[in-house]
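Q: Make a model of the complete structure from these sequences and hints.
With the UniProt record's numbering, letter number 125 in the sequence shown gets 125, and the count goes up by one each step, no holes.
Accuracy of the hints is not assured; some may be wrong.
Stated by the list, open to error - Straight-line alpha carbon distances no greater than 27 Å define the calculated BS3-like cross-link-like pairs of lysine-lysine that follow:
id, residue 1, residue 2
1, Lys154, Lys176
2, Lys186, Lys176
3, Lys209, Lys154
Unchecked claim - Cβ-Cβ distance ranges computed for the label pairs, FRET-style:
id, residue 1, residue 2, range
4, Arg89, Tyr173, 38 to 44 Å
5, Ile200, Thr59, 46 to 52 Å
6, Arg218, Ser185, 18 to 24 Å
Hints are computed from structural coordinates only; laboratory data are not their basis. Computed from a predicted model, the values in this text were never measured in an experiment. Cβ atoms here follow ideal geometry from the backbone N, Cα and C, with glycine treated the same way.
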Amino acid sequence: STWIRRLLPPQWREYYRNGMVNPDNKDHQLLLSTHLIINMEEFEGARIGDLAGLKRVITQESVTERKAYDMQAYNFIRHASFIASTNNRQCLQDIGGNRRFLPSSIITLDYRTPVNYEGIYAQAYALIKEGYRYWYEGEEINELNRHNELHRMKDPVEENLLVYFRKPQPEDYCIKWMPAAAILSKIAIYGKIQVNRQTIQTLVMSLEKYGFRTRRNRQGSTEYEVVDIQNDEVDKGFK
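A: Right, dumping it as structure tokens:
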């Protein structure tokens with residue numbers, strides 16, 4: 001947090017904020033216009049249900065809100081940039097993709113060398129004026145997603161799916177087509193996973209993420225092509 005605060009020169013430190021942002025809080029929305037850097041400290045504590053709203057705020061270009069005691073709402077330009085800090089390397093939770101985040105592991109920090117703020121901000125301004133492309137495209141996004149997998153905290157449903165099931169290989173003959181609920185039933189028994197709407201959703205997203213083939217059965221339900229890993233194979237995998 002100390003290093004992040006020093007990204008701003010001393011005369012701008014009042015425009016730094018430390019703490020998580022609630023997308024549904026009007027005052028927090030206005031912070032996007034009144035601050036320059038918002039550090040979401042202890043980012044790994046964010047609930048997965050809050051991430052969708054957080055992603056929306058991160059990409060928001062303006063804020064339309066009514067300030068306290070004002071009679072009408074106004075449109076405020078978004079100025080704030082977001083950064084997060086955590087002591088946990090595996091801090092990303094979203095199984096569906098985390099391309100809005102770019103984790104970096106910091107080993108040491110130099111607090112003694114004076115920062116040339118004028119030079120740094122002059123260089124950044126020059127790059128913007130030259131049309132520097134600061135966003136990711138094409139294969140860069142795929143590379144970012146691969147990098148972010150190293151920092152993603154996998155859900156127990158996802159991990160147990162890969163323990164008890166796998167995608168078929170050409171030489172396999174014990175192939176099954178199973179609905180997600182049936183797959184989850186086995187995972188629930190052996191992996192001590194609760195069966196509910198959220199775990200079903202996580203399982204479906206995991207099956208899609210790892211490319212399990214699908215088909216529609218006669219009842220119109222979606223089935224997944226899997227190989228059911230037997231218990232002796234599971235035990236071998238842990239040795």
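Q: For this structure, which hints from the list above don't hold up?
A: 5
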